[in-house]
Amino acid sequence: MNQAVSPEKVAPAAEIAAAAIAAATVQAETKAASPAPQPSIFHHARYVIGENPVTGLAFAIFLLIVICAVFGPWIVPYDPLASNEATLAPPSAIHWFGTDQLGRDILSRVIVATRLDLAIAVASVALVFLLGGVSGVAAGFFGGWIDRLVGRLADTIMAFPLFVLAMGIVAALGNSVTNIVLATAIINFPLYARVARAEANTRRNAGYVLAARLSGNTEMRILLAQILPNVMPIMVVQMSLTMGYAILNAAGLSFIGLGVRPPTAEWGIMVAEGAAFMVSGEWWIAFFPGAALVLAVFCFNLLGDGLRDIVDPQRRT
Amino acid sequence: MLQTIGRRLLTVIPTLIGVIVVTFLLTRVLPGDPAVYFAGPAATPQSIEEIRKKLGFDRPLPEQFVYYVSDLAKGNLGNSLSTGQSVVEEVATRLPASAELTLFGLFVAMVIAVPLGILAAVKQGSIIDHACRVIATLGVSLPVFFTGLLLVYVFYFLLGWAPAPIGRLDIFYSTPDRVTGFYLIDSLLAGDVETFRAALAQLILPVVTLAIFSIAPIARMTRAAMLSALSSEFVRTARASGLSPYRVVITYAFRNAMLPVITTFGMVFSFLLGANVLVEKVFAWPGIGSYAVEALIASDYAPVQGFVLTMAILYVMLNLAIDLLYGVIDPRVRLEG
Chain A
39 MNQAVSPEKV APAAEIAAAA IAAATVQAET KAASPAPQPS IFHHARYVIG ENPVTGLAFA
99 IFLLIVICAV FGPWIVPYDP LASNEATLAP PSAIHWFGTD QLGRDILSRV IVATRLDLAI
159 AVASVALVFL LGGVSGVAAG FFGGWIDRLV GRLADTIMAF PLFVLAMGIV AALGNSVTNI
219 VLATAIINFP LYARVARAEA NTRRNAGYVL AARLSGNTEM RILLAQILPN VMPIMVVQMS
279 LTMGYAILNA AGLSFIGLGV RPPTAEWGIM VAEGAAFMVS GEWWIAFFPG AALVLAVFCF
339 NLLGDGLRDI VDPQRRT
Chain B
839 MLQTIGRRLL TVIPTLIGVI VVTFLLTRVL PGDPAVYFAG PAATPQSIEE IRKKLGFDRP
899 LPEQFVYYVS DLAKGNLGNS LSTGQSVVEE VATRLPASAE LTLFGLFVAM VIAVPLGILA
959 AVKQGSIIDH ACRVIATLGV SLPVFFTGLL LVYVFYFLLG WAPAPIGRLD IFYSTPDRVT
1019 GFYLIDSLLA GDVETFRAAL AQLILPVVTL AIFSIAPIAR MTRAAMLSAL SSEFVRTARA
1079 SGLSPYRVVI TYAFRNAMLP VITTFGMVFS FLLGANVLVE KVFAWPGIGS YAVEALIASD
1139 YAPVQGFVLT MAILYVMLNL AIDLLYGVID PRVRLEG
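So the sequence lines, in the order shown, correspond to chains A and B. Position one of the first sequence corresponds to residue 39 (the numbering used here), numbered consecutively onward. Position one of the second sequence corresponds to residue 839 (the numbering used here), numbered consecutively onward.
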């Protein structure tokens, strides 16, 4: 009987055993505890991806997106800003995605736009990770006035319809890409602050924190050395889950004419440029950048779900 | 009950204060000169200085805040530069267009998503369940402006079923007399079936766009809430007592699953108010969203500020209504409140 059990089925069992042993040690969650969790996470990741091929697919799309973002300008067949003689040409062997009203090659523009779209999303998510993560962890760990202040701030932001608030922020700060990043970060703040707060709050009196406190560590040191590293995995999952939303938000803002200006290649603005041609049948101008947008967001949502399954299997839905 | 409502109303006050402070801060404290915004793009240094004096920007901040709040209390949100109209009037005339679209969209999404979620939970692991999951993941990945454009291409250009995306009513029809501002209701009140049909035809595509966008979170939440309700002991007891499956699912399980679903409506409504702006742009819908977008492009700040404030107040009011609805649906909330 035992020999019939496939290696995939063994992996989680072994991992549970490893986790049980690890949990028994007081400093289970700290990185220095034991080298055991390291291979276990890797095995678990392989198990999850094997179990859910969709995550593998999402990872492949993710790689494609990263390649386009990094090498985009060198792999495109045409100059994304240069006009060709054929304007409004439908997709063909020469122009795979067709050309727009100025005769620019849409395939080249879609690929080149990847870098800007991804940069906006990554920058805003990194910013809110820093702001929301640090203030949320501080709120959950220290409690008191910091907690009330962060909570009130998050509540006030949540009182607005978020996209509308982002419009207001960009309008007030000025119409630029930097401010799109800032606005996207601000509207995501409550989400990050709340997750970080909840995670830090449940750990503020955990065994290893008490042990660290007893051995004379300052509160600040406990926060940085014990709490923060343990909250990190959940926050990273949060990042990849909100990445898709950040891309959508930025594209939406540029669709209504904020931030990125023509002739810059960016998915949102390209869809906006193609919108007028949709009623006269030139579908490819708006379709391909829109499809790229959908693919990117879809990929990040799936990746986020997959990553959550690895880091936090209990929240699996 | 009245006491509960009163107490809940009190909790709205700090939120409203927060909203007003933020909209105030957005204009006054952040980098950039508000007088320049209010003066518009073609302003001279003298005219900017004049506007600064006139609007009281040379005074200290707390004093400005007092003026701002007292203006708000008088229902004065300033005037738009490009049209010269009062922002309050403009928002009031355009609000019904947006409200008709948003509410109709939410209604359609609810009618589709709630049964879908219930079915997915009852027949867990079936085709409906998988379809529900695919729809939920796809729905959150589709940008509304893109869905809207695709629908226009397919149903207007290819099939010719839908009218051109040119606003609330085709130019051949006359606007019904304004009673509620909702064309569907007003045309029916006037007994004008032709206009009702035309208005409905214009509404369908934008409403479907909004619905596709909001089905995902509602269906997902309904499914999750129903799953936890169905696995509870009172459902097992009800089943064991031989009640009909319909009774068990709807009366016992669904009534208990309704609270999280209704909370999701609040969240979805927030998304819808934002998505509305994009959909209005795609369908040339004359609502407050397109008003704000036009103003944004023209750096005309007063309408944008009025728009953000109106949306926030609407949203706060909706959350209040949802909280009160809790008490109606679930007596336990009433008792605890």
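Calculated from the structure, these hints are not laboratory results. Be a bit skeptical, because a hint or two may be false.
Short derived list, chain B residues pointing at chain A, Cβ under 7 Å [to be verified]:
id, residue
1, I858
2, F862
3, G1112
4, V1154
5, L1158
Simulated restraints on C-beta separations [to be verified]:
id, chain 1, residue 1, chain 2, residue 2, range
6, B, E1032, A, A236, 55 to 65 Å
7, A, P301, B, L997, 29 to 39 Å
8, A, W183, B, M1155, 25 to 35 Å
Keep in mind the model is a prediction, meaning the values are calculated, not measured. Here a beta-carbon is modelled for each residue, glycine too, at the ideal position from N, C-alpha and C.
Evaluation of the provided hints:
Because the smallest distance between the Cβ of I858(B) and any Cβ of chain A comes to about 10 Å, over 7 Å, the interface hint for this residue is violated. Contact between F862(B) and chain A, as hinted, is not supported at the beta carbon level, the nearest pair being about 11 Å apart and thus beyond 7 Å. Evaluation of the G1112(B) hint against chain A yields a held restraint, the C-beta minimum of about 3 Å falling below 7 Å. With a cut of 7 Å, the hint placing V1154(B) at the interface with chain A holds, because the nearest CB-to-CB distance is about 6 Å.
The restraint placing L1158(B) at the interface with chain A is violated, with a minimum CB-CB distance near 11 Å, outside the 7 Å limit. Separation of E1032(B) from A236(A) is about 56 Å and conforms to the stated range, judged on CB atoms against 55 to 65 Å. Between P301(A) and L997(B) the beta carbon distance is about 33 Å. The supplied range of 29 to 39 Å therefore holds. For the hinted restraint 25 to 35 Å between W183(A) and M1155(B), the CB-CB distance of approximately 30 Å keeps it satisfied.
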